[in-house]
Amino acid sequence: MPERRTFRDLIAANKRNSVLLMLLMFAFFLVLGGVLGGAFLVPPDRLWEGVAAGLGVGGVAAAIFGLLGWYGGTGTLMAFHGARKIRKQDSPQLFNVVEEVAIAAGVPMPNVYIMDEAAPNAFATGTSPDNASVAVTTGLLEKLDRNELQGVIAHEIGHIRNFDIRYSMLMAMLAGGLVILSEVLLRASFFRSNRRSSSNRGGGNQLQLVLVLVGIVLAILAPIITAIIQLAMSRQREYLADASAVEFTRNPEGLAGALAKLGGDKTPMECSNATESMFIVSPKVGLRGGADDLFSTHPPIRERIKRLMALR
Amino acid sequence: MLYWIIPVAVTVILVFFVVGIYNGLVRRRKEVDNAWAQIDVQLKRRCDLIPNLLETVKGYAAHEAGVLEKVTQARSAAMAARGTTEKIAAETSLGGALRSLMVQVEAYPELKANQNFLALQEELTSTENRIGFARQHYNDSATNYNTAIALFPAVIFAGMFGFRAAELWQITDAAEREVPKIKF
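If you read the sequences in order, they're chains S and E.
Counting from 1, one number per residue, gives the positions in the first sequence under our numbering.
Counting from 1, one number per residue, gives the positions in the second sequence under our numbering.
It should be emphasised that the hints constitute simulated quantities derived from the structure, not laboratory data.
Keep in mind that the hints are not guaranteed to be accurate.
Below, simulated DSS-like cross-link-like pairs (lysine-lysine); rule was C-alpha separation at most 27 Å, straight line [what the hints assert, rightly or not]: (1) K143/S / K112/E; (2) K15/S / K44/E; (3) K306/S / K88/S; (4) K70/E / K88/S; (5) K15/S / K112/E; (6) K112/E / K70/E; (7) K88/S / K143/S; (8) K143/S / K266/S.
Please read these numbers as outputs of a predicted model, since none were measured by experiment.
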């Protein structure tokens with residue numbers, strides 16, 4: 001039987017996945033804290049005290065990190081991409097288009113941001129439709145006509161209405177946190193091995209050595225694990241946001257035209273792996289290719305246009 | 001014996017079940033009301049926009065007086081209209097009058113170079129879109145609500161609690177179906 005899911009089911013699933021993701025983040029911080037504490041904090045004979053201290057520190061760090069991300073995530077992301085918040089008089093047409101589509105979607109008017117960036121692109125973020133933001137580049141405003149802009153904004157508001165923003169915000173936080181943590185782990189293990197060889201207290205606890213090894217393996221695996229989680233959900237979400245855009249505007253041509261322009265544009269744009277999946281098309285020009293690349297966060301643009309035009 | 005607990009438990013479960021259905025219906029009806037209010041907001045926005053627009057157009061295209069007059073009349077009629085049916089008719093004819101005005105002014109290049117006019121044109125385009133989208137959202141949520149009150153078992157309670165089907169905003173005028181294509 002073909003799977004038939006409504007947007008309501010999808011939104012429920014997104015909220016559920018967000019909770020799972022938060023639990024996963026918390027568990028990961030705890031594990032890392034324990035491993036770090038046991039491996040580096042104390043001499044081998046007091047290993048378990050180190051693990052306990054590490055767990056405590058990990059738990060507190062996770063709580064702080066989570067709160068900062070939830071309440072300050074939008075600000076951080078916008079600052080990271082050099083986006084500034086605008087009011088209506090700064091770009092009346094953009095503002096109008098966002099308001100129109102918000103009406104069509106039945107969500108409150110999101111905050112609007114502009115990034116000074118020649119490459120045409122856009123993303124949405126926030127924790128819920130009541131607290132959401134849309135950011136577009138100046139390149140997007142220059143290169144698209146009104147209908148195409150409406151299509152892009154409708155895609156972003158689709159992400160907002162479907163609660164994709166909450167999930168991808170947590171995902172970006174997780175990815176960012178993991179990058180930082182794996183750096184710390186790798187550095188700490190180098191530091192540890194230096195100190196070990198110079199002081200040469202000898203003996204050394206077998207278990208502590210194991211923890212050091214686990215730490216190094218985690219540091220290497222963490223970014224790969226995040227990438228896999230990101231890929232698992234990201235492409236399907238893009239198709240769904242495209243479909244939502246058509247649900248709002250009843251005009252597949254607008255978004256299809258925009259995607260064709262965005263896909264054909266070769267202006268480079270700086271972007272980190274942590275936020276790549278948030279954009280409407282991948283900021284990495286090479287990854288917009290025709291082939292369905294296994295490591296791509298977005299489906300190929302040709303396929304997206306094909307599915308859009310089939311929605312009529 | 002505790003046999004009395006069975007009817008009590010069944011009653012409690014039933015009450016929760018009915019309350020759940022009732023709250024679901026109230027939520028949907030509220031959404032319909034909000035969507036209707038949004039249409040009103042956007043229609044008012046259009047009426048507020050017209051005096052400025054007419055003032056600007058007059059300066060360049062004075063001998064389109066007939067079209068301008070039609071818009072003014074349609075606006076007054078729309079603002080005076082009471083009741084849903086009358087309102088829909090009046091707003092539809094105002095939309096038509098505005099569209100023909102925007103087609104007429106295509107012939108005035110100086111007007112189309114005027115910054116003030118361009119800004120107004122953007123506002124008008126956006127307002128027409130908003131009205132269309134607000135109506136679309138209203139019709140979608142009204143359809144959702146109408147389906148919800150017609151489905152079993154909600155249909156048993158819907159009538160009892162006074163949930164009546166919402167009326168859709170049908171498009172009567174064929175010209176209204178066409179999305180206005182305003183070129184830039």
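We went through each hint and held it up to the structure:
Between the alpha carbons of K143/S and K112/E the distance comes to roughly 21 Å, so the proposed pair stays at or under 27 Å and holds. Taking the CA atoms of K15/S and K44/E, the gap is near 37 Å; set against the 27 Å cutoff, the hint is violated. Restraint check for K306/S and K88/S: not satisfied, since their Cα atoms lie roughly 34 Å apart, outside the 27 Å limit. Between K70/E and K88/S the alpha-carbon distance is near 31 Å, which puts this suggested pair outside the 27 Å criterion.
In summary, the hint linking K15/S to K112/E is not supported, as the alpha carbons are separated by about 48 Å, beyond the 27 Å threshold. In summary, the hint linking K112/E to K70/E is supported, as the alpha carbons are separated by about 21 Å, within the 27 Å threshold. A hinted pair counts as satisfied when its Cα atoms are at most 27 Å apart, and K88/S with K143/S qualifies at roughly 20 Å. Simply put, K143/S and K266/S have alpha-carbon atoms about 13 Å apart, close enough for the 27 Å limit, and the pair holds.
Of the hints listed earlier, those the structure fails to meet are numbers 2, 3, 4, 5, in rising order.
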